[in-house]
Amino acid sequence: MPLLLCHSPKGGTGTSFIAAHLAMHLASQGHDVVALDFTYQDSLKLFFGLLPAQPLAEFHGSHGSALAVSGVEIFSAHQLAHEPAFIAALQAGRSPFDDGKVYVADVAAGDRNTRDLLLPHAHLRVCTLLPHPISLAALTKVQAGKPTVELSNTAFILNQLDDTHRFSRHAHIFLRELLGDALIGTVRRDEAVNEAAAMFEPISKYAPASAALSDMRAVAKAIAGRADIAQATDQLS
Amino acid sequence: MRSDAAHLLARLGRKDFRYREFTDNFADMELWPVFEALLTDERVVGKPLSALESRNVEDFIPETKVQPARPASPPRGPGLFDRYGEGSRPAAQGEGNGELRSFLQRLSKKDGEGRN
Ligand SMILES: Nc1ncnc2c1ncn2[C@@H]1O[C@H](COP(=O)(O)OP(=O)(O)O)[C@@H](O)[C@H]1O
Ligand SMILES: [Mg+2]
Numbered sequence: 001m002p003l004l005l006c007h008s009p010k011g012g013t014g015t016s017f018i019a020a021h022l023a024m025h026l027a028s029q030g031h032d033v034v035a036l037d038f039t040y041q042d043s044l045k046l047f048f049g050l051l052p053a054q055p056l057a058e059f060h061g062s063h064g065s066a067l068a069v070s071g072v073e074i075f076s077a078h079q080l081a082h083e084p085a086f087i088a089a090l091q092a093g094r095s096p097f098d099d100g101k102v103y104v105a106d107v108a109a110g111d112r113n114t115r116d117l118l119l120p121h122a123h124l125r126v127c128t129l130l131p132h133p134i135s136l137a138a139l140t141k142v143q144a145g146k147p148t149v150e151l152s153n154t155a156f157i158l159n160q161l162d163d164t165h166r167f168s169r170h171a172h173i174f175l176r177e178l179l180g181d182a183l184i185g186t187v188r189r190d191e192a193v194n195e196a197a198a199m200f201e202p203i204s205k206y207a208p209a210s211a212a213l214s215d216m217r218a219v220a221k222a223i224a225g226r227a228d229i230a231q232a233t234d235q236l237s
Numbered sequence: 001m002r003s004d005a006a007h008l009l010a011r012l013g014r015k016d017f018r019y020r021e022f023t024d025n026f027a028d029m030e031l032w033p034v035f036e037a038l039l040t041d042e043r044v045v046g047k048p049l050s051a052l053e054s055r056n057v058e059d060f061i062p063e064t065k066v067q068p069a070r071p072a073s074p075p076r077g078p079g080l081f082d083r084y085g086e087g088s089r090p091a092a093q094g095e096g097n098g099e100l101r102s103f104l105q106r107l108s109k110k111d112g113e114g115r116n
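Residue numbers (the numbering used here), protein chains in the order written: chain A, 1 to 237; chain B, 1 to 116.
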């Protein structure tokens, strides 16, 4: 089943935030969702409301016993991505993601090895941008050897949009033109994201009416559509 | 002021809010040098432009190199996005698939034909 690969060429754009909320949204739609944190940083769990000291199980296929939060099984996969057997299996075309669950992978910006390892198995790459010149400049680095506007399996999200800022507005217009449908949505800058993390609460609990959460729901829905993830209820009936 | 905002402020009994609407359309968008750099970077938009086509692009964005020392007010005026016209948003008109992309595709097609 689908692997959604969350990766951006620039760090700090909200990749982990988006990955966590994508996973929680899909779980709320009835899917069996596994979130895999491939980063050394280990901060994906914070967006689920977990504490830094809360250990995650290592992912060894879907039948491990994981921590489930908001309906999502969360694993660490940073070590796994460096295990020769795992690398060899993926490179040989064998996918551990073929068991009816939806996998959401959070990959660190600088970790191109893991990105390239997972990409052939991914239904969709989700690339998060900020309306900042430094983030836009990283559009030159999304995929070596393939122009960014020609990447067919990539959806871009413009995160931390702030319409009170001129460059933010202009960057939004520019990206709409440059990327067309590949710009799958926008998420407004919202301090509730940080406050929720500071409270160790998911934002759906801390600030259920927040702008970022409602934007994120719309984005997650669009991504599910783009990645062709049918409604879980359709599968049941 | 939009009526829903006026209604909300009335309900809150507040008259001292600062209210401002932020809506930009293509006519208002300024072509910041970072945008131009991306539009002419083959890693972003594909095939490098031939000298002829570069000239064509410069017909569309003639002023982008004029005032590089004033990043706070990037050049306005006749530019790549002019054809969108006043107040029209391509996305709202169902052509959000990237006028720019088709523009660039037209350029690269022309490039291919030129070589054959
Ligand atoms: N829409 C948003 N509004 C406000 N803050 C945000 C938003 N999205 C992310 N953040 C904050 O930005 C920071 C970077 O996000 P993170 O997901 O860790 O980025 P990355 O994984 O790309 O390095 C975090 O502190 C996060 O809380
Ligand atoms: Mg991260």
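Hints may be right or wrong, so weigh each one.
[What the hints assert, rightly or not] Using 25 angstroms as the maximum straight-line C-alpha spacing, the simulated DSS-like pairs for lysine-lysine come out as follows: (1) A:Lys141 / B:Lys47; (2) A:Lys101 / A:Lys221; (3) B:Lys47 / A:Lys101; (4) A:Lys205 / A:Lys221.
No lab work stands behind these hints: they were computed from the structure.
Okay, the hints, checked on the actual structure:
For the proposed pair lysine 141 of chain A and lysine 47 of chain B, the alpha carbon gap of about 16 angstroms is at most 25 angstroms, so the pair holds. With a CA separation close to 17 angstroms, the supplied pair lysine 101 of chain A and lysine 221 of chain A stays within the 25 angstroms bound. For the proposed pair lysine 47 of chain B and lysine 101 of chain A, the alpha carbon gap of about 39 angstroms is over 25 angstroms, so the pair is violated. Our distance criterion of 25 angstroms between C-alpha atoms is met by lysine 205 of chain A and lysine 221 of chain A, whose separation comes to about 20 angstroms.
In terms of the numbered hints stated before, the structure departs from hint 3 and from no other.
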